[in-house]
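Going down the list, the sequences are from chains A and B. Just so you know, we're using our numbering here: the first sequence kicks off at 46 and counts up by one. Just so you know, we're using our numbering here: the second sequence kicks off at -19 and counts up by one.
Since the hints were made in silico from the structure, they are not lab data. Built from N, CA and C at the ideal position, the CB exists for glycine as well. A hint or two may mislead.
[Claimed, not checked] DEER-style ranges, computed between Cβ atoms:
| # | chain 1 | residue 1 | chain 2 | residue 2 | range |
| --- | --- | --- | --- | --- | --- |
| 1 | A | T318 | B | A74 | 37 to 45 Å |
| 2 | A | K174 | B | M126 | 53 to 61 Å |
| 3 | A | P416 | B | I44 | 56 to 64 Å |
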Amino acid sequence: MALGLTACGGSSTGEGEGADGVVTITVNDMPPKTQPVDRKIFEEDVKAFEKANPKIKIDPREGQMDPKTFAAKLAGGQLEDVYYVYFTDPAGLIERRQGADITPYMKDIPYLDKIRPEFLDVFKGKDGKIYGLPNGQYSLGLVYNRDLFAKAGLDPDKPPTTWDEVRSAAKKISALGDGTTGYAEYSKNNQGGWHLTSWIYSMGGDVAVKDGGKWKSAIDSDAARNSLRMLHDMRWTDNSMGSRQLLEIPDVQKMMGAGKLGMYMAGPDNVPTIVKQFERACKEYGVAALPGQATLGGGNGFMFNPKASPEKIKAGLKWLQFKYLNPDRTEFNDKRIASNDVPIGLPLDRLYTDDVQAKVDAVHAKYANVPTENFRPFVERNGTLEQKVEPPNAQQIYTVLDGVMQSVLTKKDADIDQLLADASKKVDALLATVK
Amino acid sequence: MATTDMRAQPLPEDTVVKAAASSGKPGRTPPRSRLARRVRENLVAYAFLGAGIAVFAAFSWYPIVRGWLLGFQQVTFAQPAQWVGLDNFRRLFADPLFVTAWQNTAWFTALALVFGFAAPLATAVVLNEFRSARGYLRMTVYLPVMLPPIVTMLLWRWFYDPGPGLFNNALEVLHLPAQQWLESEHLAMVSLVLVSTWANMGTTTLIYLAALGGIPGQLYEAAELDGASIRQRLWHVTLPQMRFILMITLLLQVLGTMQVFIEPYILTGGGPNDATVTVLLLLFRYAFVYNDFGLASAMSMLLFVVLGAFSLVYLRLTRSNG
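Start from the sequences, fold in the hints, and give me the full structure.
As C-alpha cells, this is what we get:
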C-alpha cells in the first residue's frame, strides 16, 4: 500500500524528466471511453504530437477541473501538469496561487500572440502575469425551439430581439398548452445567480463596479429591478415560465429536448448537447443573441500545476498550441470530424484576432454540417453586444443572487426593492474581501 | 498466501483458552514474567487491536486533528499553510448565512423529531399487532432504506413536481388546492423532512419492533385483568418499557438529522431563498464550491462541538442503563 501511495503521489510534480531528456507531462481533458469518436481523435492527436516532439511524452487523463476534487488532487500531488478550467475558475486559482506563471515561456510558441486580448485577460493575475490559455469561448444567447415558434404563430427566422418580445413570445408558446413552457430560467446551485447577472448586463447594469480602487455592489439598480420585474411578471402574471422552479441546467435541457420548452438563456454550445442527449435534429433549434445591450461571456481553457517545472510548462504550452490553438490544423480537424456527426459551424470559440479568425471561419464554413442559417440571428446581433465577464468572487455572489432569483420565481408577493437592498448588502460584504 | 491464512486462523481461539487459563491462577508467578507471558499469549489479540487502532488513527483521528488545525489556518495546498488564529471563525460569524444555516438545521431536526420519531413508533406498534404477513410487512417498511439515496431523491422530486407530480395530482382528485412543495419557503423544509423520514424510518421501526417483542407478555395480561384500555396499556406498559430504547433512538436521530445534507443538496440546493440551507450544505459550499477549507473546517469544528455535547448525553445514558 505504501508503495502504491508513493507511486501515485509523485506522478505530477518536479520529476518527469528522464535521463534521456524526455519530458513527461500529465494532461487532462481526455474524453471518456463512452465518447469513442472524441476519444479516438484525442488519442490520434497525442500520437501525432509525440511524433512531432520526440522529447515530450504525454500522459493523458480523463476529466476536467472539478472544484470538488481540485484541492485534494493538488494536496495529494495528483493534479495534472496541464489542467482544464472554466473562465470562472482562474481568478480564484491565481489568487490562491494554485496555477503556475507561464508568461516567460509563451514568446516562442506560434499563434499565442494571435489570441484576442480580452480572453487572455481572463488568465491574467493582478501582477499582470499570465497563468493560462483559453481554448473555448461562448456568449449567452437565447436557444429556442423553432417548431414551437411556428406552432405558436411566431416566425422562427425572426426570434425576439428585446425582452418585451421575449415576454410576448413566451406567452404565446405557453398558450399552446399540453405542459408547454414559454421561457425557463435556472434558480439553483448558483446557476440562477449566474443567469441573473447576465439579465442585469443585458438591461445595461452591472453586478459589481470598481469605485476608487475598491469593488462595490451595483445590483441595487434599475437594470436589476427591471430584470426581476420582467421575470416576476412572466412567472406570475403571464404564467409562461411553468410552475416547477429551482431548476438547473440538466432540467431545462431536458425540457428543451422533450420539445416542451420555447426558449431559454444559453450559449450556442447547448444545441449539440441537446441534439445528442435527446436524439433530436439540429434543425429543430435556433439560437438568437441575448436581447438588450450586453451579454455575459464564458469559456474554458487550461492552467498549469503550480509545482510544474519550467520544462514541463514549455512542453505543456507546446501541447496546448498543437492540440487546441492550431489554426494550421483547422482544415485537417474539420475534415476528420465532419464524417463523425461532430457539429461544425456553431458560432463558438472565436478566440483569434480578426486576421486569423477570418481564415478559421472560412474553413469552418466549408465543412459546416449544422444548419448555420439557424444561428444567423445570434451571429448577426451578438457582434453588436458588449461582451462582459463574470464579477470577482463570482461563485459567492451567485449564491446571493440565486436567492433573489428563487424569491422572484417562487413568491408571488416578492418585494423586489427589499430583495435587492438586502442582496446588495451581502454582495458588498463579499466584495470587501477582494483585494 | 493460503498457508499463512491456514496457520493464522486457529490462533485467536487458542489464545482465548490460554488467557482464560492463566487468569485463573493469580499471583503464582512473579509479576514481570507474568506480564511478559500475558503479552506473549495475547500477541494475536494485540495485533488485531493494533491494526484496528492504526486504521482508526489513520482514517479517523488523524483527519479529525488535521481538520481542527485547518480551522486555524489558511490553506491553498500550493503554498505552505498560514496560521491565521481565529480569523476563520470571525469570517464564519460574519457570514449572514451562518445563523440561517443553524436555524434551518434546528428547524429540520425539530420537524424530523415530530415526524421521524412518532412515525416509526406508531408503525412498529401497529405492525406488532399483526399476526400474519409479518415478514412481508417488515420488509415493506424497510425497503426504502435499501434504496440508494439518489434514487429516493429523484423519486420524490417527481412526487413533488408542481405540474405532473404525484402529490398535486392526488390533491387535484380530492379537489384540494395544489401546493408548491419545494418552491415555497414555508413548505420546502417540511417536504424535505417527509422524504428523510420515509427514507430512514425503516431501521428505527425494526429496532422498535424488536423492543416491543421484548416486553414480557405478563405485563399486558396483568393490565388487561385490571381492566386497562388499549390506550392505557400503551401509555402505562409499552412506553415505559421502551423508555431506554426511545431515548437512545432520539439521541441518535438528533445526531443524524443535524447532519442533514443529501436532501437539500439534491432537492432544493438550499433554496428557495436560503430556506433549506443547512449547516452541512453550507460547509460543503465553503469547502468544495469556494475552495475555502479553513472556513469549512472552522464550521465543522463548531458542528463537532454541538454533536459532541449530544454524544456525551448519549454515552451517559447508555452507561447508566448498561
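Each hint tested on the structure:
no. : hint                          : result
1   : A:T318 <-> B:A74: 37 to 45 Å  : holds, 40 Å
2   : A:K174 <-> B:M126: 53 to 61 Å : holds, 54 Å
3   : A:P416 <-> B:I44: 56 to 64 Å  : holds, 58 Å
Checked against the numbered hints given earlier, the structure satisfies every one of them.
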